[in-house]
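A.B. asks: Residues per chain are reported as follows:
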Amino acid sequence: MALELNPNFRETGKRYHRDFSPGDDFYQLLIDTHRDLTDEQSALLNAKLVLLLANHIGDISTLREAMALAREDV
Amino acid sequence: MLKTYTYPKYEYARPPELSGAAPRRYPVIIVGAGPVGLTAALDCKINGIDAIVLDDDDTVSVGSRGLCYAKRALEVLDRVGVGDAVVNKGVEWNVGRTFQGEKEVYNFNLLPEPDHKRPGMINLQQYYLEQFLVDRCVETDVEIRWKNKVLAVTQHDDHATLQVETPDGLYQIEADWLIVADGARSPIRTMLGLDIEGKVFMDRFLIADVVMKAEFPAERWFWFDPPFHRNQSVLLHREADNVWRIDFQLGWDADPQLERQPERVIPRIKAMLGEDREFDLEWVSVYTFQCRRMASFNHGRVLFAGDAAHQVSPFGARGANSGVQDTDNLVWKLKLVIEGKAPTKLLDTYSLERCWAADENLMNSTRSTDFITPKSTASKTIRTATLQLAQKHAFARKLVNSGRLSVPSYYVDSPLNTPDVDEFNGSMEPGAPLDDAPVSVDGRASWLLDHIGNRFQLMVYCDDASTLDLALLRAVENVEVVVVTSREQPLKGLTVLHDVKGRFAQRFDAKHGTTYLIRPDQHVCARWRTFDAARANAALARATCNA
Chain A
1 MALELNPNFR ETGKRYHRDF SPGDDFYQLL IDTHRDLTDE QSALLNAKLV
51 LLLANHIGDI STLREAMALA REDV
Chain B
1 MLKTYTYPKY EYARPPELSG AAPRRYPVII VGAGPVGLTA ALDCKINGID
51 AIVLDDDDTV SVGSRGLCYA KRALEVLDRV GVGDAVVNKG VEWNVGRTFQ
101 GEKEVYNFNL LPEPDHKRPG MINLQQYYLE QFLVDRCVET DVEIRWKNKV
151 LAVTQHDDHA TLQVETPDGL YQIEADWLIV ADGARSPIRT MLGLDIEGKV
201 FMDRFLIADV VMKAEFPAER WFWFDPPFHR NQSVLLHREA DNVWRIDFQL
251 GWDADPQLER QPERVIPRIK AMLGEDREFD LEWVSVYTFQ CRRMASFNHG
301 RVLFAGDAAH QVSPFGARGA NSGVQDTDNL VWKLKLVIEG KAPTKLLDTY
351 SLERCWAADE NLMNSTRSTD FITPKSTASK TIRTATLQLA QKHAFARKLV
401 NSGRLSVPSY YVDSPLNTPD VDEFNGSMEP GAPLDDAPVS VDGRASWLLD
451 HIGNRFQLMV YCDDASTLDL ALLRAVENVE VVVVTSREQP LKGLTVLHDV
501 KGRFAQRFDA KHGTTYLIRP DQHVCARWRT FDAARANAAL ARATCNA
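Protein chains in written order, with the numbering used here: chain A, 1 to 74; chain B, 1 to 547.
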């Protein structure tokens, strides 16, 4: 499974009239998930999110690729 | 005083009511000679409604203010006769650059989709737009009463009464219908005790309009956290007359009085443009903004439009653009109600459809604001990650949100639509704003949208017009038939548009016999694979609340 780097957000049953809408839906969800948390709580939330999503993807070579890209420029 | 523009001074005239004329009731009075009120006035004129405009001032917008006019607003302005003036004076731009710190994250070229009459957006100072609208009002005999300030409004069952103050004293005037386009602070909304709910954004922005003395690229530059203005955002945009808009985020703690002083503003601009670049400061303003809307835009005989009804953050240019679309939605409905051809409840759909549009605008501009001004360390970190990834990866570029350009709403859930029964592809579903297409009429090049609007129309597409039952088409009542053909074929007594590039067939998924019913505001309200007069009339009845 190659790492998907093109826009890939969508929601079943939802129709979009603008190409920026699915990505903006996701971004707002992410920001809202952090609302009212301390910095420490937010860092913990992000870590949990990484673990949940990593397990969902499952394929370790894909995760390795994502980790390498995430590490760049940090 | 501006260096590049002289504000016109429009002459106050003593109103007839103060010169002994018998008081009369106007079918429509519009309060506010801004982009929204003036567009409404011109639209009333086109629709044969006798409307007058009252405004408490005697000139156009002070300062450049609303700067970006998007495709849909330009199409409405075309319909009321000022599209060319606005587009000819405006600046079209295509290249946008986004920076984080000192680094360019990415750039885009807004190359507009081909074969539309109007571009995605033009930049033009608001005073020019208002001036062109006033000029058009003068040309078409629309009465604007300058220096006429509304002091009180009383609602009655079938009209509203206004107390108006002028340099010659007070007078009273009545309107069957009152369109309120008196801006964000809307004195009339306050007079009537109506609420508008939402929130103030806890941030301040500085606008500086500068005249460049040398060449400078006509591009949109957006900085997140630039070295010359740390931890804040900056936007640079070109206006007409070689004027450039620079927008600095200042933060909530900034002192608005202090920040608009030239000795504070000029060093900020020099830090940005470099010490050597020569410029003149044209106009400066410090603003905050609110995101809010009224629960309903129609209250008995009083109809609210534009900023009076809803306000959004400026990111995405969704203020004036959506206000112009309010009147686009309102005036044809008002005409049918005034003429007794539709029940008053048709105006409820004005509120319904434009509240949806306002909510969409509020959502998109709030998301942009959240991206541009992150409110927590976590939000800021997520944004930094997005901007870093955007330098290399397409998915992250799509997430970068420095403003989502105003686009029209799809009224897909409108009760005025007749749901599809036939299969269609593409986006021209009931509720959609019409796509444009190049056409020719009697061999002359033209645009689809120049022939659609101001009345209900049936667009019937055909490959071979000789197979059409013309008697049947001519027999349709209350709606004008427009035939769109894949080849040049004149038909006596019918408007025929030749789909010269096949864009109509493509954009409307049109096959021989495909029929669209279009509202006067250029939105689709029904479509079928075959023409059927009875179905068309049923859809028309539904679209006018007569079903």
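Be a bit skeptical, because a hint or two may be false.
Partial list, derived from the structure: chain B residues whose beta carbon lies under 10 Å from chain A [what the hints assert, rightly or not]:
1. M363
2. N364
3. T366
4. F371
5. T377
6. T381
7. A385
8. L399
9. S409
10. V421
11. N425
12. S427
13. R529
14. A533
Just so you know, the hints here were simulated from the structure itself, not pulled from any lab data.
Glycine residues also receive a C-beta, built at the ideal position from the N, C-alpha and C atoms.
A.B. asks: Now tell me if each hint is right for this structure.
C.D. replies: Here is how each hint holds up against the structure:
A distance limit of 10 Å between C-beta atoms decides the matter here; for M363 of chain B the minimum to chain A is near 8 Å, and the interface restraint holds. Here the hint on N364 of chain B is kept, as its CB sits about 7 Å from the closest CB of chain A, short of 10 Å. The interface hint given for T366 of chain B holds, since its Cβ lies 9 Å from the closest Cβ of chain A, which is under the 10 Å cut-off. For F371 of chain B, the interface hint holds, since its Cβ comes within 10 Å of a Cβ in chain A; the closest pair sits about 7 Å apart.
At about 5 Å, the closest approach between the beta carbon of T377 of chain B and any beta carbon in chain A falls short of 10 Å, and the interface hint on this residue holds. At its closest, the beta carbon of T381 of chain B sits 8 Å from a beta carbon of chain A; the interface hint therefore holds under the 10 Å criterion. Look at A385 of chain B: its Cβ gets to within about 8 Å of chain A, closer than 10 Å, so that hint holds up. For L399 of chain B, the interface hint holds, since its Cβ comes within 10 Å of a Cβ in chain A; the closest pair sits about 5 Å apart.
Evaluation of the S409 of chain B hint against chain A yields a held restraint, the C-beta minimum of about 8 Å falling below 10 Å. Annotation: V421 of chain B was flagged as interfacial toward chain A, and the flag is violated, the nearest CB pair being 18 Å apart, outside 10 Å. For N425 of chain B, the suggested interface contact is broken, since its CB lies about 13 Å from the closest CB of chain A, more than 10 Å. At about 7 Å, the closest approach between the beta carbon of S427 of chain B and any beta carbon in chain A falls short of 10 Å, and the interface hint on this residue holds.
About 21 Å separates the beta-carbon of R529 of chain B from the nearest beta-carbon of chain A, more than 10 Å, and the hint is not met. Among the interface hints, the one on A533 of chain B is violated; its C-beta lies about 31 Å from the nearest C-beta in chain A, farther than the 10 Å criterion.
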